[in-house]
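Going down the list, the sequences are from chains U and F. Quick note, the numbering used here runs 5 ahead of the 1-based positions in the first sequence. Quick note, the numbering used here runs 9 ahead of the 1-based positions in the second sequence.
Since the hints were derived computationally from the structure, they do not count as laboratory data. Glycine residues also receive a C-beta, built at the ideal position from the N, C-alpha and C atoms. Hints may contain errors.
[As the list claims (entries may be wrong)] Sample of chain F residues with no beta-carbon within 10 Å of chain U, all distances over it, derived: (1) Val59; (2) Thr161; (3) Gly314; (4) Tyr335; (5) Leu362.
[As the list claims (entries may be wrong)] Short derived list, chain F residues pointing at chain U, Cβ under 7 Å: (6) Leu128; (7) Asp148; (8) Ile218.
Chain residues, written in single-letter form:
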Amino acid sequence: MSEHHHKETFVTKYIFSQDHKMISKQFLVTGIIMGVIGVFMSMLFRLQIAWPERSFSIIEAFLGHHQTDGVMDPDMYLALVTIHGTIMVFFVLTAGLSGTFSNLLIPLQIGARDMASGFMNMISYWLFFISSVVMVISLFVEAGPASAGWTIYPPLSALPQAIPGSGLGMTLWLVSMAIFVASSLIGSLNYIVTILNLRTKGMKMTRLPLTMWAFFITAIIGVVSFPVLLSAALLLIFDRSFGTSFYLSDIFISGEVLHYQGGSPVLFEHLFWFLGHPEVYIVLLPALGITSEVIATNSRKPIFGYRAMVGSIMAIAFLSTIVWGHHMFISGMNPFLGSVFTFTTLLIAIPSAVKAFNYITTLWKGNLQMNPAMLFSIGLVSTFITGGLTGIVLGDSALDINVHDTYFVVAHFHLVMGVSAIYGMYAGIYHWFPKMYGRMMDKTLGYWHFWITAIAAYGVFFPMHFIGLAGLPRRYYSNTAFPLFEDLADVNIVITLFAILGGLAQIIFLINFFLSIYRGKKATQNPWNSTTLEWTTPVEAIHGNWPGKIPSVERWAYDYSKPGYEEDFVPQNVPLKEGEEES
Amino acid sequence: MLALFYIFIAVAVGLGIWQLNRLSSYKQVILNNDKGEPVNAIAKSEENPVATEKDNDIHGKFFLIFLIGFYLLMTYCLFFMNDIMLPESASIEGENDDNLFLITFILIGVVQFATQFLLFYFSFKYRGINNRKALFYADSHKLELIWTTIPTIVLTALIGYGLYTWNDVMDLSDSENPLVIEVYAQQFNWQARYAGADNTLGRGNVRNIKGINTIGIDMTDANSADDIPVRELHLPKGRKIVFKFRSQDVLHSAYMPHFRAQMNCVPGMVTEFGFTPKFTTQEMRVQEETVRKVNGINKLRKAKGEDPYEFEYLLLCNKICGASHYNMQMKIVVEEEADFYSWLKQQKTITELVN
Numbered sequence: 006m007s008e009h010h011h012k013e014t015f016v017t018k019y020i021f022s023q024d025h026k027m028i029s030k031q032f033l034v035t036g037i038i039m040g041v042i043g044v045f046m047s048m049l050f051r052l053q054i055a056w057p058e059r060s061f062s063i064i065e066a067f068l069g070h071h072q073t074d075g076v077m078d079p080d081m082y083l084a085l086v087t088i089h090g091t092i093m094v095f096f097v098l099t100a101g102l103s104g105t106f107s108n109l110l111i112p113l114q115i116g117a118r119d120m121a122s123g124f125m126n127m128i129s130y131w132l133f134f135i136s137s138v139v140m141v142i143s144l145f146v147e148a149g150p151a152s153a154g155w156t157i158y159p160p161l162s163a164l165p166q167a168i169p170g171s172g173l174g175m176t177l178w179l180v181s182m183a184i185f186v187a188s189s190l191i192g193s194l195n196y197i198v199t200i201l202n203l204r205t206k207g208m209k210m211t212r213l214p215l216t217m218w219a220f221f222i223t224a225i226i227g228v229v230s231f232p233v234l235l236s237a238a239l240l241l242i243f244d245r246s247f248g249t250s251f252y253l254s255d256i257f258i259s260g261e262v263l264h265y266q267g268g269s270p271v272l273f274e275h276l277f278w279f280l281g282h283p284e285v286y287i288v289l290l291p292a293l294g295i296t297s298e299v300i301a302t303n304s305r306k307p308i309f310g311y312r313a314m315v316g317s318i319m320a321i322a323f324l325s326t327i328v329w330g331h332h333m334f335i336s337g338m339n340p341f342l343g344s345v346f347t348f349t350t351l352l353i354a355i356p357s358a359v360k361a362f363n364y365i366t367t368l369w370k371g372n373l374q375m376n377p378a379m380l381f382s383i384g385l386v387s388t389f390i391t392g393g394l395t396g397i398v399l400g401d402s403a404l405d406i407n408v409h410d411t412y413f414v415v416a417h418f419h420l421v422m423g424v425s426a427i428y429g430m431y432a433g434i435y436h437w438f439p440k441m442y443g444r445m446m447d448k449t450l451g452y453w454h455f456w457i458t459a460i461a462a463y464g465v466f467f468p469m470h471f472i473g474l475a476g477l478p479r480r481y482y483s484n485t486a487f488p489l490f491e492d493l494a495d496v497n498i499v500i501t502l503f504a505i506l507g508g509l510a511q512i513i514f515l516i517n518f519f520l521s522i523y524r525g526k527k528a529t530q531n532p533w534n535s536t537t538l539e540w541t542t543p544v545e546a547i548h549g550n551w552p553g554k555i556p557s558v559e560r561w562a563y564d565y566s567k568p569g570y571e572e573d574f575v576p577q578n579v580p581l582k583e584g585e586e587e588s
Numbered sequence: 010m011l012a013l014f015y016i017f018i019a020v021a022v023g024l025g026i027w028q029l030n031r032l033s034s035y036k037q038v039i040l041n042n043d044k045g046e047p048v049n050a051i052a053k054s055e056e057n058p059v060a061t062e063k064d065n066d067i068h069g070k071f072f073l074i075f076l077i078g079f080y081l082l083m084t085y086c087l088f089f090m091n092d093i094m095l096p097e098s099a100s101i102e103g104e105n106d107d108n109l110f111l112i113t114f115i116l117i118g119v120v121q122f123a124t125q126f127l128l129f130y131f132s133f134k135y136r137g138i139n140n141r142k143a144l145f146y147a148d149s150h151k152l153e154l155i156w157t158t159i160p161t162i163v164l165t166a167l168i169g170y171g172l173y174t175w176n177d178v179m180d181l182s183d184s185e186n187p188l189v190i191e192v193y194a195q196q197f198n199w200q201a202r203y204a205g206a207d208n209t210l211g212r213g214n215v216r217n218i219k220g221i222n223t224i225g226i227d228m229t230d231a232n233s234a235d236d237i238p239v240r241e242l243h244l245p246k247g248r249k250i251v252f253k254f255r256s257q258d259v260l261h262s263a264y265m266p267h268f269r270a271q272m273n274c275v276p277g278m279v280t281e282f283g284f285t286p287k288f289t290t291q292e293m294r295v296q297e298e299t300v301r302k303v304n305g306i307n308k309l310r311k312a313k314g315e316d317p318y319e320f321e322y323l324l325l326c327n328k329i330c331g332a333s334h335y336n337m338q339m340k341i342v343v344e345e346e347a348d349f350y351s352w353l354k355q356q357k358t359i360t361e362l363v364n
């Protein structure tokens, strides 16, 4: 293979690279930069929630004309929560997570030289990059960035008269997301095609590591649901710019009646959540896939119930496309539909429970190696359970009535998809960093990063459930307008302090990550004694991945501590012994 | 709780500084190794980048400590934050909701305590020390059958009760002689309209908004004449109320937390919700849980030198609607039916207002 290689210039190697490993690093670094922006925004609005009237020089320094004497304007508060949500969900946890690890691991774990189409892969990254740039530019628009919530429900998102952020800021948001969808689709198609067609000899679908299953199914959900977001956004652009009435009807604002007639915002909600809910699993499934791999490797045990795990991923993926209505129980849609969506929603708890129990059983009687990646994976299982269980409250339409759009919801989804997916992403970074950069990240800093983050995450999101149960609505600029909520102020201060602590802990990670790229200890070929194919490639990554022939696969990915072997792991390319049974 | 947190922060900051010191000690390592040659590594050269038995031991134990801390946090939130929770449902329909909530919470609470215990205890117990050998245990259909079946059964029961409650709340077709009230949302305040003597609301559309007719009542509709627009919501105790919601500009959500009631207000369509108030405002004020919550609030207000707060039912906006979303509210007064009607009689009908 290597004889075909052209000489790489700086531009083809680092910028317009078609090598999946370089593209994965590009996704990761872009995702980290967007993550820093997104998390920093949450620090700013948490300050406002905890100390509504207080002036902060940091707010004065960063928010320009969107603040008065260090107190942010209400419109800017809404803009910050909107962009925080958008960036974290799409740019960090979709592109940053899936983009990074699908690109890095798919060819390496299935035994392929590269993605099916390196060119499309490159396009996918550069579209993501452009969409990130447009999103960041939208922050500097005179009237402020999009501020109708990350769900951008019209009419609020359609009418600049209703909120200033719905002017140019929202236009840029929509443009950015349209480009993002294109990037995501191109990427996903590539992942699907690669997994289906480029598996090495012996890599049957039933021998795929669970990461591969997770990325494969995630890509399928993405292809099914992302186009719907694009059409929702297009129709919104039509309503905003060309005077159509898809979502708008009977509106009186700023003293005049608008011409719109016959549309319905509920249509937008349907279209948005048809992507929006599967999106939760687009974010979560890759994190769960990474966790499966990391937990099995570091428990020195096979993942428990491989088939059930694959089945659960499929069941979750299927169900995720028919539950979107649980975001709309009180939207005014027919209550009968609410019943149907309650039913399908609560069914998701079953495959989720199977996954959680299987992780726990994998730990049982293991020989747990407490690497930073392992700590984050255990943390993920914990937050996934905590956040998942409150989903049983929210998925039940009757209970949703009273907690809908309160902080209970905020706590729920941050734990189950936000924190869990971030943990999965960190686990992946700590675990595969040696494969990306040929060096190891510092273990001790990793430990500090995990423990402070774990404490801060529960410190922020666990008490948050209870202020939600006390009736506190989300997206309130200030809670001082209601004496009813005055006794929640202390809890909000505690939450903000924990949030700042958690935010600062990420600096440890950033230092560790960027220093280790240049200064980390040189990695060995298979530092975690793992069984999967990526650890058979040389430490110094090469174009085409393997210097000689691609190894063929002889067994499943989880032969850890298999009886009859000296070592506690048997790589996938080691042939079965005579009379040995494959698990 | 706050004091505890400050201590915690102090400890964390201290540890952080210590760690930063450690970072700077790497500098030495980066510059020179034992032989005085420059080395290119941030880790001390003898440090193993992969977890050692010592690491496994320490972090396994940390997971046990973390579990205990997490249990304390959960216990505190579940049992000691009760004073700030909403009092019992002030509507008859909300009772089922409260029951269902209690059942669900007990259930998920038990599962939460049990599974978190297993997770962290296993992380501690099976930490890789003393050359532990892992057990090759890849599958057990029996176990998997158990944890597929049990959640299925439990969830089926929950779904059943949930759907019963949902239908009970949402089905307004069987309510006899309900009082019909329109709740009208606009950036950033609420208005309401009573249907008057005929108990039928006249048609409404934003195109009819003119002068004092701020909610667009269609004056050509015969049912409109006796409609009564108001800015404060009064409800009679014990009578089923059917709310019709409208919005004139963007989405709003009419949230009445004490009644366990919420419905979006959607421009271009009319949405509905119904409930029967159970306690008058006066009764609610002397209700035990309310008293406890109000006392707590008033203690804080006194410390800040503010006037004491008296309990009121509220209608809040709970769907992001713009700059003053956080302050879009309307007072609700629940009173005995006689008091309600004498109040309603004092209000002017739209016909009286327009002429």
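Now the hints, each set against the structure:
The beta carbon of F/Val59 is not kept farther than 10 Å from every beta carbon of chain U, the shortest such distance being approximately 6 Å. Taking the minimum C-beta to C-beta distance to chain U, about 6 Å, the non-interface status of F/Thr161 is violated against the 10 Å cut. Chain U leaves F/Gly314 outside its interface by the beta-carbon criterion, the shortest separation being 13 Å against a cut-off of 10 Å. The claim that F/Tyr335 lies off the interface is violated: its Cβ sits roughly 4 Å from the closest Cβ of chain U, which falls inside the 10 Å cut-off.
No Cβ of chain U approaches the Cβ of F/Leu362 within 10 Å, the least distance being about 19 Å, so the stated non-interface status holds. For F/Leu128, the interface hint holds, the least distance from its beta-carbon to any beta-carbon of chain U being 5 Å, beneath 7 Å. Restraint check, F/Asp148 versus chain U: the minimum CB separation of about 6 Å is within 7 Å; hint holds. Interface restraint check: F/Ile218 against chain U, minimum CB-CB distance 5 Å, threshold 7 Å, status holds.
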